[in-house]
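Sequences and hints are given; from them, build the entire structure.
If you want the building blocks of each chain, they are given just below.
2 protein chains.
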Amino acid sequence: MTTNQLVQQIKEKKSFLCIGLDVDLNKIPKHLLNEDDPIFAFNKAIIDATHHLCVAYKPNTAFYEAYGIKGWQALEKTINYLNEKYPEIFTIADAKRGDIGNTSTMYAKAFFEDLAFDSVTVAPYMGKDSIEPFLAFENKHTIMLALTSNEGAFDFQTKEIEGKEVYKHVLETSKSWKNSENLMYVVGATKAEYLGDIRNIIPDSFLLVPGVGAQGGNLKDVCKYGLNDNIGLLINSSRGIIYASSNENFAHEAASKARELQQEMQNILSLT
Amino acid sequence: MTTNQLVQQIKEKKSFLCIGLDVDLNKIPKHLLNEDDPIFAFNKAIIDATHHLCVAYKPNTAFYEAYGIKGWQALEKTINYLNEKYPEIFTIADAKRGDIGNTSTMYAKAFFEDLAFDSVTVAPYMGKDSIEPFLAFENKHTIMLALTSNEGAFDFQTKEIEGKEVYKHVLETSKSWKNSENLMYVVGATKAEYLGDIRNIIPDSFLLVPGVGAQGGNLKDVCKYGLNDNIGLLINSSRGIIYASSNENFAHEAASKARELQQEMQNILSLT
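Line by line, the protein sequences are chains S and G. Just so you know, we're using the numbering used here here: the first sequence kicks off at 1 and counts up by one. Just so you know, we're using the numbering used here here: the second sequence kicks off at 1001 and counts up by one.
What the hints contain is simulated information worked out from the structure, not anything from laboratory work. Keep in mind that a hint or two might mislead.
What the hints assert, rightly or not - Below, computed lysine to aspartate or glutamate pairings styled on EDC-like, alpha-carbon distance capped at 20 Å: (1) K109/S with D1024/G; (2) K164/S with E1035/G; (3) K175/S with E1151/G; (4) K1159/G with D114/S; (5) K1224/G with D1204/G; (6) K159/S with D1204/G; (7) K164/S with D1204/G; (8) K1077/G with D1129/G; (9) K1070/G with D114/S; (10) K1175/G with E151/S; (11) K1178/G with D114/S.
Computed from a predicted model, the values in this text were never measured in an experiment.
Quick look at the structure:
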């Protein structure tokens, strides 16, 4: 998917919501545990109920790998279902990968070719040659961690190198990498006050923003500093939407929560 | 596996060799492609031919994920085969994971419980709460990236925060984390000259050292600065061993290459 197609979808749906599909068998409605594939059954119901309210889905690979082969099968069924039934949706493999060059190429093949996601999240610690293999794939997007939503972000990301925080070095350095136009960045909603500085470095890039909802981030603050001429934001909510209810009507309740966020986004977009 | 059991194995085998099982279907002997599961067939042959010369195997998850469900099945068969037939071997899932707390717990379950590896590699960018969930598992080991073997290591890892390189901050900070005794660290063999400083910070920890062989690192230099009273080193070689030959006798040729490294290690150990 091209960035323009993503922007078009956002404008049509008046939404820049991404729904995180972090499926924990201990948290999904009990009646689904009788299904052949409870994880996929849960995802399918959530997707069918919410696809018109969001522009992206983001399965976090950890939640699938924890269930071994069955988990990986559920991930494959989920991305195939999305690509077949809702091809307009932007798909994100939240995998936070990154390794030496020939290994990163294998990860890129896993997520861009075998599973056919539109994008994958990556970690920057190993630098340029660990990320460029991902950037080589046309019309695929590589979403690199910059400033994350958790407390541990303050351990290294906000420490200063020559008077400038590590995450700013990551942002600035990455702009010189080959095919850097295929980069997006992760910036946590819990650190909205940093977004002004971040937008000065990467005014045009899309940001994937986790941390609204369960982690405490505020949508208005994120938009105030993060929106750009192309919207430029994907706001993720996972637990706050998909676990809105554990009853039989869970998908309907999830859609209600998604609609609340979509409405808030529509209001914000109408003011800009 | 406890660290003491690993040290005991090293002393018995006079080897601290780790063999990387980075299986690329384009590189394995052609005759194996007729097997039901060529990846597992390759691994099994390599393991049976080399298990007495090494103390650890390290499948890199990228090479399995690139083949989807079949790849994940081959990874599962490989770890099950190792755990059943060679339980004395230390096993490393080279996965370079790391995410917010509840997600890292799922990754830890995936590799420590579902696949039953002894250890997993992790990336430090997201800080303390992204790593501590791994450290909570008893007799499991978390191998954190410190200074990697690739060129990109110079992009961020060696930059200075308050006069001290990022990777040194990573090492020092991690010592204060809960259950930090379960930490080991990745230090690339291509940067052996840094090992003296690293040993000053973490004198007792095991180091996983990739980069000997195909990437150009030198075993003697690594040992000169890296060995400690408990040996404290696992030297990884992947391509240099497993792709020594693409003929029918590939496993025998791999064992020859592994034996060369084991002999070199035996000589070094006899001098210390």
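These are the hints, each one checked on the structure:
The straight-line distance between the Cα atoms of K109/S and D1024/G is roughly 12 Å, inside the 20 Å bound, and the hint therefore holds. For the proposed pair K164/S and E1035/G, the alpha carbon gap of about 54 Å is over 20 Å, so the pair is violated. Using a Cα cut-off of 20 Å, the hinted pair K175/S and E1151/G holds, with the two alpha carbons roughly 17 Å apart. For the given pair, K1159/G sits about 36 Å from D114/S by alpha-carbon distance, which is inconsistent with the 20 Å threshold.
Of the supplied pair hints, the one linking K1224/G and D1204/G holds, its CA atoms being roughly 15 Å apart against a limit of 20 Å. Taking the CA atoms of K159/S and D1204/G, the gap is near 27 Å; set against the 20 Å cutoff, the hint is violated. Among the hinted pairs, K164/S with D1204/G is inconsistent with the structure: their alpha-carbon atoms are about 33 Å apart, more than 20 Å. With a CA separation close to 31 Å, the supplied pair K1077/G and D1129/G exceeds the 20 Å bound.
Pair hint K1070/G plus D114/S holds up; C-alpha atoms about 11 Å apart against a cutoff of 20 Å. The hinted pair formed by K1175/G and E151/S meets the criterion: a straight-line CA distance of about 17 Å does not exceed 20 Å. For the hint linking K1178/G to D114/S, the alpha-carbon distance of about 38 Å lies beyond 20 Å, and the restraint is violated.
Violation of the numbered hints given earlier is confined to hints 2, 4, 6, 7, 8, 11; the remaining hints are satisfied by the structure.
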